[in-house]
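The listed protein sequences derive, respectively, from chains A and B. For the first sequence, this note's numbering assigns the number 1 to the initial residue and increments by one for each residue that follows. For the second sequence, this note's numbering assigns the number 349 to the initial residue and increments by one for each residue that follows.
Hints in this document: simulated from the structure, not taken from any laboratory. Take these hints with a grain of salt, some might be off.
Quick list of in silico lysine-lysine cross-link-like pairs, DSSO-like style, CA-CA up to 30 Å [unchecked claim]:
# : chain 1 : residue 1 : chain 2 : residue 2
1 : B       : Lys391    : A       : Lys103
2 : A       : Lys172    : B       : Lys391
3 : B       : Lys391    : B       : Lys456
4 : A       : Lys139    : A       : Lys172
5 : A       : Lys172    : A       : Lys21
6 : A       : Lys3      : A       : Lys172
7 : B       : Lys391    : A       : Lys139
8 : A       : Lys139    : A       : Lys103
9 : A       : Lys139    : A       : Lys3
Given the structure is predicted, the values throughout are model-derived calculations rather than measurements.
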Amino acid sequence: MIKAQVHSGGRGKAGGIRLAKSPEEAERLAGQILGMDIHDRRSSGWISAATHQVLVALGVAIAREYYLGAILDRDQRGVTLMGSAEGGVEIEEVAREAPEIIKVEADPLLGLQDYEARELAFGLGLEATQVNDFVAIVKGLYRAFVGEDGSLAEINPLIQTDDGRWLALDSKMVLDDSALARHPGVENLRDPDEENATEMEARAAGLAFVKLDGDIGCMVNSAGLSMATMDAIKNAGGAPANFLDVGGGATAAQVLGLRLILTDPHVKAILFNIFGGIARRRDRAGHRRRPRPDRRHGAASWSLRLLGTNQEEGAHPAGIRASNLITAETLDEAAEKVVAASRGAAVS
Amino acid sequence: MAILVDSNTRVLVQGITGRDGSFHTRQMLDYGTTVVAGVTPGKGGQEVHGVPVFNTVRQAVEATVPNVSFITVPARLNATDAILEAADAGVPLIICISEHIPVLDMVKTYARVQDSGSRLIGPNCPGVITPGQAKVGIMPGFIHQPGHVGIVSRSGTLTYEAVHAISQQGLGQSTAVGIGGDPIIGTSFVDVLRLFQDDPDTHGIVLIGEIGGSDEETAAAFIREHVTKPVVGFIAGQTAPPGKRMGHAGAIISGGTGTAAEKIAALSAAGARMANSPAQIAALMQEALANAERGTGNAK
Chain A
1 MIKAQVHSGG RGKAGGIRLA KSPEEAERLA GQILGMDIHD RRSSGWISAA THQVLVALGV
61 AIAREYYLGA ILDRDQRGVT LMGSAEGGVE IEEVAREAPE IIKVEADPLL GLQDYEAREL
121 AFGLGLEATQ VNDFVAIVKG LYRAFVGEDG SLAEINPLIQ TDDGRWLALD SKMVLDDSAL
181 ARHPGVENLR DPDEENATEM EARAAGLAFV KLDGDIGCMV NSAGLSMATM DAIKNAGGAP
241 ANFLDVGGGA TAAQVLGLRL ILTDPHVKAI LFNIFGGIAR RRDRAGHRRR PRPDRRHGAA
301 SWSLRLLGTN QEEGAHPAGI RASNLITAET LDEAAEKVVA ASRGAAVS
Chain B
349 MAILVDSNTR VLVQGITGRD GSFHTRQMLD YGTTVVAGVT PGKGGQEVHG VPVFNTVRQA
409 VEATVPNVSF ITVPARLNAT DAILEAADAG VPLIICISEH IPVLDMVKTY ARVQDSGSRL
469 IGPNCPGVIT PGQAKVGIMP GFIHQPGHVG IVSRSGTLTY EAVHAISQQG LGQSTAVGIG
529 GDPIIGTSFV DVLRLFQDDP DTHGIVLIGE IGGSDEETAA AFIREHVTKP VVGFIAGQTA
589 PPGKRMGHAG AIISGGTGTA AEKIAALSAA GARMANSPAQ IAALMQEALA NAERGTGNAK
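Throw the hints in and build the complete structure from the sequences for me.
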């Protein structure tokens with residue numbers, strides 16, 4: 001088997017997993033897969049990149065295919081183990097088409113118990129002779145999930161061969177960003193070819209930044225408000241260029257956030273939306289250390305809205321004296337003005 | 349009345365000697381909140397803005413009888429330990445603003461807090477304010493006005509947006525509750541909706557959700573069955589790309605669940621009036637309250 005190694009689901013459908021019957025065929029198929037962009041936007045967000053690695057693995061005679069996953073379950077406020085006899089398909093599709101998914105909740109304080117894993121095994125209709133091996137795999141998956149601070153760990157497909165052996169043919173793990181500090185080795189596993197360079201730089205500075213494909217930059221001081229700001233721009237007929245939560249403090253991070261927006265060649269206008277409680281005197285927007293806008297992007301209009309603690313100081317940002325600064329009282333008004341400005345209209 | 353915090357609230361601040369703890373203690377005192385004690389291990393005997401500091405929550409509880417603990421301890425200094433200490437000392441209401449707590453730590457902490465009988469709000473939330481009575485949180489106090497609209501939200505600044513708009517409209521708030529943006533939180537929309545429904549001081553409810561999870565759908569089912577007061581809703585993240593984390597760890601959507609469109613549809617079907625932007629919330633609430641008073645139209 002030749003398998004594309006990319007951070008995305010749906011590889012098989014996209015032609016990224018192929019069966020070769022000879023070494024020559026393997027070479028030919030690998031050559032076809034290398035260089036293909038098979039990222040599925042739904043599972044990988046906005047990454048698009050050529051495949052640059054393939055895994056060559058022995059093909060096996062599959063008797064049965066299963067899905068096995070451990071997931072952080074918000075509704076149950078715990079860890080839920082899921083299994084399905086429809087292995088090899090994305091679990092979201094299984095859930096849509098044939099919701100034959102068996103779920104058990106791990107004890108939140110004691111961890112996954114043997115009986116919980118057995119309930120999963122028998123729920124999937126496994127034979128008595130299969131159950132012990134399966135339980136060991138479930139417990140191993142749970143141990144990996146908890147040990148690495150996962151929010152998702154999947155084996156899909158988990159297969160049983162003709163001669164009764166169990167094999168994990170593919171797996172996927174999503175780790176909890178908030179727990180990375182206690183897993184120092186994990187950072188080395190990052191694959192820069194599979195991530196957006198701007199997002200990586202932002203993350204290193206502790207900023208939440210997501211690149212989008214519009215032309216209006218957003219500089220906002222919270223996650224929820226940033227999403228609402230993007231929505232308002234869309235409702236006003238524009239398209240946001242990014243999601244950015246600059247948080248409530250740290251001027252240096254805010255400066256970086258602004259630079260990330262200014263260096264995006266697609267950005268024609270920027271909406272600042274700052275509403276807060278945590279702003280202290282020194283954190284005011286537009287503090288002296290704000291960088292000068294890059295000349296190439298000097299035409300960008302700035303729409304500013306700032307409310308909150310120390311509002312008077314914030315409303316007179318020291319650094320922002322650009323003549324193309326437009327102010328607004330409400331988010332909707334700011335969105336309308338920034339969309340107009342991005343189209344070159346004169347706005348005051 | 350109002351819910352969760354009021355003029356009888358006695359606040360303990362865990363992490364009071366830290367930067368955020370000290371700053372927000374000052375802000376809460378200035379608002380008129382009764383802050384009776386602080387805790388920072390090893391700094392017992394000191395004072396912060398005139399508030400006595402203790403080494404352990406148990407000592408603070410014995411000496412000053414707080415009924416709310418406000419936790420400002422950062423995640424890297426073990427915020428979940430602070431939550432457990434407050435629960436173990438029997439503080440009935442624990443409000444935790446700390447962000448970036450590893451989520452599997454919260455799984456265990458939540459389970460233990462449930463067993464203790466304490467109520468946890470947060471983590472990663474702005475806190476709770478009953479205007480004119482008590483502010484236990486990091487929200488800017490001055491935008492609030494005493495009144496009869498209850499607000500519950502997963503996002504801090506969007507709560508402020510709604511509060512600001514409601515105040516500008518000449519309506520005020522009974523209580524505003526930020527339940528937090530993390531995947532595992534102590535108090536859900538449904539818990540707060542139940543409190544607002546039972547609170548005679550609350551005449552209408554604003555619910556502000558965002559993409560990710562299914563708390564809003566669960567809230568919609570509860571509203572349909574149990575809420576007779578008018579509800580105005582807003583969901584952030586209509587334009588968010590799927591599969592991406594939008595700042596809040598909770599706001600990640602994958603596959604077909606947790607999208608803004610599904611949440612808006614569920615809440616609309618339950619009778620909530622849905623705003624397209626935070627600015628519309630106040631006008632919709634005014635209209636809903638007027639209808640409810642006249643006894644005409646859809647009360648919700």
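Hints, verified against the model:
For the suggested pair B:Lys391 and A:Lys103, the alpha carbons sit about 47 Å apart, so the restraint of at most 30 Å is broken. Taken as a hint, the A:Lys172 and B:Lys391 pair is broken in the structure, with Cα atoms around 46 Å apart against an allowance of 30 Å. Our distance criterion of 30 Å between C-alpha atoms is met by B:Lys391 and B:Lys456, whose separation comes to about 28 Å. A distance of roughly 16 Å separates the Cα atoms of A:Lys139 and A:Lys172; the hinted pair therefore holds under the 30 Å criterion.
Of the supplied pair hints, the one linking A:Lys172 and A:Lys21 holds, its CA atoms being roughly 27 Å apart against a limit of 30 Å. The suggested pairing of A:Lys3 with A:Lys172 holds, with an alpha-carbon distance near 14 Å, which does not exceed 30 Å. In summary, the hint linking B:Lys391 to A:Lys139 is not supported, as the alpha carbons are separated by about 44 Å, beyond the 30 Å threshold. Taken as a hint, the A:Lys139 and A:Lys103 pair is honoured in the structure, with Cα atoms around 14 Å apart against an allowance of 30 Å.
A C-alpha spacing of about 27 Å is found between A:Lys139 and A:Lys3, which places the hinted pair at or below 30 Å, so the restraint holds.
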